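2 protein chains.
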Amino acid sequence: MDAALSSIGKNARHAAKSLALASTETKNAALMAMAGEIRRASKDILAANVHDLDAAKSKDLKPSFVDRLTLTPQRIETMAVGLEEIAALPDPVGRVMERWARPNGMEISRIAVPIGVIGIIYESRPNVTADAGALCLKSGNAAILRGGSDSLNSSKAIAACLQQGLKSAGLDPACIQLIESPDRAIVGEMLKGLDGSIDLIVPRGGKSLVARVQQDARVPVFSHLEGICHVYVDRDADLEMAKSIVLNAKMRRTGVCGSAETILVDRPISDRALPLLIRTLTDAGCEVRGDADTMKASNLVKPATEEDWSTEYLDAIVSMRVIDGVDAAIDHIARYGSQHTDAIVTANAATAERFLKTVDSAIVLHNASTQFADGSEFGFGAEIGIATGKLHARGPVGVEQLTTFKYQIRGAGQIRPA
Amino acid sequence: MDAALSSIGKNARHAAKSLALASTETKNAALMAMAGEIRRASKDILAANVHDLDAAKSKDLKPSFVDRLTLTPQRIETMAVGLEEIAALPDPVGRVMERWARPNGMEISRIAVPIGVIGIIYESRPNVTADAGALCLKSGNAAILRGGSDSLNSSKAIAACLQQGLKSAGLDPACIQLIESPDRAIVGEMLKGLDGSIDLIVPRGGKSLVARVQQDARVPVFSHLEGICHVYVDRDADLEMAKSIVLNAKMRRTGVCGSAETILVDRPISDRALPLLIRTLTDAGCEVRGDADTMKASNLVKPATEEDWSTEYLDAIVSMRVIDGVDAAIDHIARYGSQHTDAIVTANAATAERFLKTVDSAIVLHNASTQFADGSEFGFGAEIGIATGKLHARGPVGVEQLTTFKYQIRGAGQIRPA
Numbered sequence: 363m364d365a366a367l368s369s370i371g372k373n374a375r376h377a378a379k380s381l382a383l384a385s386t387e388t389k390n391a392a393l394m395a396m397a398g399e400i401r402r403a404s405k406d407i408l409a410a411n412v413h414d415l416d417a418a419k420s421k422d423l424k425p426s427f428v429d430r431l432t433l434t435p436q437r438i439e440t441m442a443v444g445l446e447e448i449a450a451l452p453d454p455v456g457r458v459m460e461r462w463a464r465p466n467g468m469e470i471s472r473i474a475v476p477i478g479v480i481g482i483i484y485e486s487r488p489n490v491t492a493d494a495g496a497l498c499l500k501s502g503n504a505a506i507l508r509g510g511s512d513s514l515n516s517s518k519a520i521a522a523c524l525q526q527g528l529k530s531a532g533l534d535p536a537c538i539q540l541i542e543s544p545d546r547a548i549v550g551e552m553l554k555g556l557d558g559s560i561d562l563i564v565p566r567g568g569k570s571l572v573a574r575v576q577q578d579a580r581v582p583v584f585s586h587l588e589g590i591c592h593v594y595v596d597r598d599a600d601l602e603m604a605k606s607i608v609l610n611a612k613m614r615r616t617g618v619c620g621s622a623e624t625i626l627v628d629r630p631i632s633d634r635a636l637p638l639l640i641r642t643l644t645d646a647g648c649e650v651r652g653d654a655d656t657m658k659a660s661n662l663v664k665p666a667t668e669e670d671w672s673t674e675y676l677d678a679i680v681s682m683r684v685i686d687g688v689d690a691a692i693d694h695i696a697r698y699g700s701q702h703t704d705a706i707v708t709a710n711a712a713t714a715e716r717f718l719k720t721v722d723s724a725i726v727l728h729n730a731s732t733q734f735a736d737g738s739e740f741g742f743g744a745e746i747g748i749a750t751g752k753l754h755a756r757g758p759v760g761v762e763q764l765t766t767f768k769y770q771i772r773g774a775g776q777i778r779p780a
Numbered sequence: 363m364d365a366a367l368s369s370i371g372k373n374a375r376h377a378a379k380s381l382a383l384a385s386t387e388t389k390n391a392a393l394m395a396m397a398g399e400i401r402r403a404s405k406d407i408l409a410a411n412v413h414d415l416d417a418a419k420s421k422d423l424k425p426s427f428v429d430r431l432t433l434t435p436q437r438i439e440t441m442a443v444g445l446e447e448i449a450a451l452p453d454p455v456g457r458v459m460e461r462w463a464r465p466n467g468m469e470i471s472r473i474a475v476p477i478g479v480i481g482i483i484y485e486s487r488p489n490v491t492a493d494a495g496a497l498c499l500k501s502g503n504a505a506i507l508r509g510g511s512d513s514l515n516s517s518k519a520i521a522a523c524l525q526q527g528l529k530s531a532g533l534d535p536a537c538i539q540l541i542e543s544p545d546r547a548i549v550g551e552m553l554k555g556l557d558g559s560i561d562l563i564v565p566r567g568g569k570s571l572v573a574r575v576q577q578d579a580r581v582p583v584f585s586h587l588e589g590i591c592h593v594y595v596d597r598d599a600d601l602e603m604a605k606s607i608v609l610n611a612k613m614r615r616t617g618v619c620g621s622a623e624t625i626l627v628d629r630p631i632s633d634r635a636l637p638l639l640i641r642t643l644t645d646a647g648c649e650v651r652g653d654a655d656t657m658k659a660s661n662l663v664k665p666a667t668e669e670d671w672s673t674e675y676l677d678a679i680v681s682m683r684v685i686d687g688v689d690a691a692i693d694h695i696a697r698y699g700s701q702h703t704d705a706i707v708t709a710n711a712a713t714a715e716r717f718l719k720t721v722d723s724a725i726v727l728h729n730a731s732t733q734f735a736d737g738s739e740f741g742f743g744a745e746i747g748i749a750t751g752k753l754h755a756r757g758p759v760g761v762e763q764l765t766t767f768k769y770q771i772r773g774a775g776q777i778r779p780a
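Heads up: the sequence lines are chains A and B, in that order.
With positions in the first sequence counted from 1, the corresponding number in the working numbering is that position plus 362.
With positions in the second sequence counted from 1, the corresponding number in the working numbering is that position plus 362.
Check before you lean on any hint, since a few could be wrong.
What the hints assert, rightly or not - Facing chain B, from chain A, some residues (calculated, C-beta under 10 angstroms):
hint	residue
1	K379
2	A712
3	A714
4	K719
5	A724
Derived from the structure by calculation, the hints contain no laboratory data.
Treat the numbers as computed from the prediction; the structure is a model and nothing was measured.
The beta-carbon is built from N, C-alpha and C at its ideal position, and this holds for glycine as well.
Required output: the full structure, derived from the provided sequences and hints.
Right, here's the structure in full:
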């Protein structure tokens with residue numbers, strides 16, 4: 363590992379130690395100062411972004427890629443407001459999570475503490491520089507940011523504002539460091555933890571980035587590879603509610619991980635539900651791919667193949683299948699799902715409880731849209747991502763989920779008997 | 363991976379699904395039945411153990427190794443009582459960890475659920491078969507056990523009792539499976555997760571086993587490599603309390619991970635504290651290795667080298683150093699410690715709080731012995747180990763720490779606005 367990278371790791375570890383002890387006021391002052399710096403430097407950030415966009419144009423990149431790379435005065439203002447919103451969140455560090463006394467009089471407390479140093483690996487979305495850096499700061503963690511090379515000029519301009527904000531609050535600028543070298547081997551070094559300097563990796567980007575991170579990381583990762591989310595419309599569903607939830611779950615935004623990809627319809631109501639759901643979705647511009655039973659209900663339906671059940675379309679396409687009851691729905695989700703977010707629509711409380719208890723996903727919903735899979739909708743404030751791993755963080759990862767804990771024990775001279 | 367191993371993984375995953383939904387009564391009935399089976403099969407277990415011991419004798423193994431391998435009628439009864447105690451613990455699965463309502467009326471609950479399938483890799487201690495299997499069962503997890511080959515006959519006899527107990531409670535015997543093949547490559551396959559069948563590895567054994575697991579595992583691990591625990595005797599310490607805590611922290615049991623390895627003495631009280639502590643420890647049969655300042659206080663002290671500060675003796679040896687105040691103690695612990703368990707002795711509340719807040723270890727104590735680092739002393743009941751990793755489980759790992767969670771959302775048709 364080269365010396366520059368090694369010193370980034372060491373500086374982050376050193377900064378993390380003092381940041382863990384920083385007061386809420388100091389951290390919030392830094393976040394507010396960062397927002398001010400970003401507003402003040404708006405023109406510089408836009409100029410840097412123009413450099414990135416010019417270079418991107420010569421590369422024949424997808425329009426969606428260029429859109430994510432593009433900054434506007436309004437998007438810069440949104441970034442600044444985002445920093446202020448993170449400043450306004452409660453400080454997750456130092457919370458007493460539990461406290462109890464032992465028969466010998468010792469008092470044990472479980473106290474939230476920062477995780478340490480978090481590495482963020484993201485694609486060419488300059489706003490992640492500010493969002494991720496700020497979430498780490500609020501939770502008392504030092505951040506090492508490695509953004510996509512196509513956004514490097516924009517990210518550098520933003521990171522300069524963050525560092526200015528840290529300095530003006532008296533914090534170590536190494537609390538948030540941006541890696542500027544385009545060397546791709548650096549990502550590999552980060553995934554190995556930079557010689558013990560990184561405690562956790564959070565990837566932000568598409569499936570290929572996340573797959574690579576999950577495959578190669580030797581430190582813990584908070585991530586989800588894909589969101590193959592289901593809505594199961596049970597025999598006891600209110601059909602109007604089902605229509606409204608299915609339409610929203612699929613079509614509110616098709617590119618988010620909480621959008622539904624498969625609709626499962628219970629056989630006893632399929633005669634009434636299928637025509638209604640298919641018409642509603644196709645009227646909204648959604649392609650419906652169905653199994654044989656679904657195809658019988660409407661000539662608007664294209665045939666679904668086995669592959670469709672495990673496909674995250676992230677587009678205005680949905681797969682639809684007729685199944686026999688809640689247990690068959692649970693089995694389908696266990697086989698094809700991604701343990702992300704799944705919903706049941708039913709008026710039968712017992713059926714709902716069976717679904718909520720049995721489906722092994724980070725988020726399970728009864729009579730509500732899968733599009734609620736989002737930190738802000740949970741009341742967590744901003745989130746750094748959604749995790750489908752089972753350990754530590756599951757579901758939306760906000761500032762609370764970026765902390766760990768330690769046990770503090772207060773005694774009066776207790777020793778342990780033999 | 364061979365077919366037998368692959369089917370163990372698949373059977374465990376299948377068993378975990380039904381076990382996650384098993385009632386508290388069923389799990390407890392299985393645990394009680396296991397205890398009964400172990401008592402009933404006591405003679406068979408002892409006979410199997412004699413086979414293991416005979417084979418071990420020809421191998422010139424350490425006495426401590428043979429002692430851990432040896433079963434007696436009393437140790438078998440202790441194992442059975444252990445199972446009954448785990449049955450008596452509260453069920454950690456299904457706990458409502460948090461519950462809140464959103465402005466749109468949705469109710470979000472965070473519910474404890476099992477992790478899934480846990481692989482336990484342990485040395486030749488047959489009792490771990492029962493303890494670890496039972497802790498996994500109580501927490502709703504399927505267990506795949508891989509014990510040391512020198513204890514295979516004993517472990518097989520115990521595992522047969524566990525499986526009989528599972529069957530008599532109507533549970534899938536694959537909830538607890540013992541790997542019987544001595545092929546050492548199996549451990550490597552387990553560390554890679556048996557093709558997605560293992561969610562978590564818990565190693566139980568010495569430093570070389572844990573180091574190998576930490577190095578090679580591609581799935582999460584709950585473990586601690588070593589416990590280099592400190593007692594810092596502050597200038598404001600009550601010296602009688604310090605004497606009592608230091609003696610207990612080092613000498614109550616020297617072979618446990620929570621035993622103290624280094625005593626840090628604050629300079630302003632070193633003239634009075636050093637002779638007292640050195641005499642107390644040497645009178646109890648402990649070798650004291652000290653820095654130059656410590657050596658000046660007594661000719662009983664041997665010189666400590668740099669290596670001593672990072673050595674886990676697990677023996678009646680302690681290192682001792684004179685340092686300048688609480689911040690120097692914190693620095694020493696950050697440099698040489700293992701983030702396990704560290705204690706301060708002081709009557710000064712502000713100094714104590716600084717130590718408790720700043721030392722980044724899983725367990726930090728004020729005026730109490732480091733030997734309290736144990737699940738039973740925390741009130742967790744039995745523990746499967748102590749974790750020094752920062753994510754999910756930290757400190758003692760009992761049945762609660764063997765669960766994860768999911769979010770259940772109950773709605774009335776809520777959809778997400780654009």
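The hints, checked one at a time:
1. K379: With a closest approach of 8 angstroms, the K379 (chain A) hint holds.
2. A712: violated, 13 angstroms
3. A714: holds, 8 angstroms
4. K719: Nearest chain B Cβ about 7 angstroms off; hint holds.
5. A724: Check passed: Cβ of A724 (chain A) comes within 6 angstroms of chain B, closer than 10 angstroms.
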